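Undergrad: Here's the letter readout for the chains.
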Amino acid sequence: MTDVLQALATLLVAASAVGVVLNRDPLRQAVAFAFFGLALFLLFLVLQAPDVALSAMVVGAFAYPMMTLLTLAKVKDRSG
Amino acid sequence: MNQLPYFLAAWLFFVGLYGMVTTRNFLHLVMCLGVLQASTYVLLLEVGYRAGGTAPIFKDVPRGTRAVDPVVQALTLTDVVVGVTVAALLMALALQAHKRCGSLDPNDMRPMQG
Amino acid sequence: MTARARVWLFLVPALGAAALFVWALTGLPDFGHYRGPYGDVVNARVIPERHATSAVAAVNFDYRGFDTIGEEFILFAAVVGVTVLLRLERDEHEESPRDRAERHASIEVADAVALACIGLVAPVLVLGVYVVTHGHLTPGGGFQGGVILAGGPLLVYLAGRYITLRQLRPKGVLDLGEGAGAGGFVLIGFVGLVAGAAFLENVFPLGSTGSVFSAGTLPVINVSVGLEVAAGITLIVYEFLEQALIVRAGR
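Protein chains in written order, with the working numbering: chain H, 2 to 81; chain C, 78 to 191; chain A, 537 to 787.
I should point out that these hints are in silico values taken from the structure, not numbers from a laboratory. Bear in mind that the values here come from a model prediction, so they are computed numbers and not experimental data. Cβ coordinates follow ideal geometry from the N, Cα and C atoms, glycine included. Treat the hints with care, as some may be off.
[What the hints assert, rightly or not] Here are some, though not all, of the chain A residues that point toward chain H, as calculated from beta-carbon distances under 10 Å: (1) 548; (2) 552; (3) 590; (4) 592; (5) 593; (6) 675; (7) 677; (8) 680; (9) 686; (10) 773; (11) 776.
[As the list claims (entries may be wrong)] Derived Cβ-Cβ restraints for the label pairs, each shown as a range: (12) 2(H) to 746(A): 39 to 45 Å; (13) 647(A) to 140(C): 50 to 56 Å; (14) 723(A) to 117(C): 27 to 33 Å; (15) 182(C) to 707(A): 31 to 37 Å; (16) 726(A) to 5(H): 49 to 55 Å; (17) 727(A) to 177(C): 28 to 34 Å; (18) 25(H) to 140(C): 48 to 54 Å; (19) 186(C) to 666(A): 34 to 40 Å; (20) 178(C) to 554(A): 30 to 36 Å; (21) 9(H) to 697(A): 40 to 46 Å; (22) 179(C) to 730(A): 51 to 57 Å; (23) 179(C) to 697(A): 28 to 34 Å.
Whole structure, please, built from the sequences with the hints as guidance.
TA: Written out as structure tokens, the structure reads:
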């Protein structure tokens with residue numbers, strides 16, 4: 002059972018990483034990155050690392066997209 | 078093929094690196110760097126994993142249960158938070174570059190004159 | 537060199553490097569067969585020696601506390617870097633928040649969003665404080681709890697109350713908090729020296745396993761790191777938001 006979960010989480014992480022890289026527009030990529038953070042959270046949970054999972058969740062779904070959106074807003078403000 | 082889970086680290090590393098090389102936007106580059114960093118976290122945690130082990134938190138758990146390695150988790154957890162602050166620094170750099178050149182495209186950055 | 541040529545210049549050596557990397561990975565011990573003795577030793581000795589139930593927190597702040605000081609200062613340096621990079625330059629001046637508010641009068645935050653954000657500020661702050669103070673017992677600690685705490689001011693901004701927040705002049709408090717957090721960690725190390733033991737050795741009373749006031753210096757260090765991370769990330773967000781109020785001269 003654990004093996005199945007680990008295999009699923011690994012596939013999810015690999016697929017969402019491709020999704021992050023192939024999205025060229027930073028606005029869409031921020032959302033894809035939040036999903037990547039969620040996939041990492043699941044993988045770390047299945048690997049019995051709850052501390053790291055908490056870190057990854059907070060960082061990937063909150064801090065990264067927030068900073069990207071803030072920077073994008075400032076860039077658009079300046080040029081628009 | 079008992080080392081198959083480790084290949085995820087290689088996959089994440091090269092996917093992130095490809096994204097960084099072919100990027101057209103500084104912010105896209107910073108997030109591909111995030112993917113690259115995630116490859117190291119995954120490799121560290123998988124090295125410390127023990128089959129049948131539980132998390133290294135011993136509250137309400139009988140003494141002597143086999144747990145996975147806590148040292149690699151300690152390394153990874155500070156790394157994740159520090160990584161996001163460095164990404165903030167890179168985004169501030171991108172913002173300043175936009176102020177100078179008017180674009181977020183690395184290909185538009187010309188070498189400084191004189 | 538065209539972009540195409542550059543991509544090919546990257547891909548060919550990258551494939552070679554990937555092959556080498558994968559070959560190196562096959563030399564690792566089998567997945568799931570953890571060999572090293574250090575992890576087992578720490579797991580066995582954490583409760584008798586430190587009365588802390590979270591082995592990860594004990595490794596982070598006690599057994600390997602010196603590395604964590606270094607990592608904390610990386611964070612500190614990155615925040616200083618962001619502040620320096622986004623400073624007011626000579627040919628820019630700051631637009632008053634009132635003018636800006638008038639310019640952006642058309643952007644209104646929906647009532648549902650504002651209500652949800654204001655309602656969530658207190659629970660998020662309480663959750664952050666809980667995660668920080670229980671770091672030595674359950675998963676959590678200064679780093680994760682600090683990032684959660686930094687979400688509080690952001691929710692206030694999302695609810696459209698940024699101007700009110702800015703009038704509190706939080707920058708001084710944030711700077712003070714961040715410095716206190718970073719310096720506090722080093723000070724606790726010096727307490728060890730003063731008590732006659734090594735730098736950063738756990739010299740506070742160990743307490744009983746499972747209670748909040750246990751594990752000696754661990755909860756104190758957690759609070760200090762939590763303060764630093766929360767203030768640092770809030771400072772970064774604040775600097776980015778301040779960029780909105782800066783107008784280039786001559787535009």
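Undergrad: Should the interface hint for residue 548(A) be scored as holding, given a Cβ-Cβ cut-off of 10 Å against chain H?
TA: violated (19 Å)
Undergrad: If you take the shortest Cβ to Cβ gap from residue 677(A) to chain H, is it below 10 Å?
TA: holds (7 Å)
Undergrad: For the range 51 to 57 Å, tell me whether the beta carbons of residue 179(C) and residue 730(A) fit it or not.
TA: holds (56 Å)
Undergrad: Given residue 552(A) as an interface hint, is the shortest Cβ-Cβ distance to chain H below 10 Å?
TA: Nearest chain H Cβ about 21 Å off; hint violated.
Undergrad: For residue 179(C) and residue 697(A), compare the CB-CB distance with the range 28 to 34 Å and indicate the outcome.
TA: Holds - the Cβ-Cβ distance for residue 179(C) and residue 697(A), about 32 Å, lies within 28 to 34 Å.
Undergrad: Let's test the interface hint: is any C-beta of chain H closer than 10 Å to that of residue 590(A)?
TA: holds (8 Å)
Undergrad: Please test the hint of 49 to 55 Å on the beta carbon pair from residue 726(A) and residue 5(H).
TA: holds (51 Å)
Undergrad: Would you check whether residue 592(A) satisfies its interface hint, that is, whether its CB is within less than 10 Å of any CB in chain H?
TA: holds (5 Å)
Undergrad: Any CB of chain H closer than 10 Å to the CB of residue 675(A)?
TA: holds (4 Å)
Undergrad: Is it true that residue 9(H) and residue 697(A) lie within 40 to 46 Å of each other by Cβ?
TA: 42 Å Cβ-Cβ, so the 40 to 46 Å window holds.
Undergrad: Hint validation: residue 593(A) versus chain H, beta carbon distance must be below 10 Å. Holds or violated?
TA: OK, holds: residue 593(A) within 10 Å of chain H, min 8 Å.
Undergrad: So does residue 178(C) sit 30 to 36 Å from residue 554(A), Cβ to Cβ?
TA: Given about 34 Å between the Cβ atoms, the range holds.
Figure legend: structure checked against the earlier numbered hints; hints not met, in rising order: 1, 2, 12, 17, 19.
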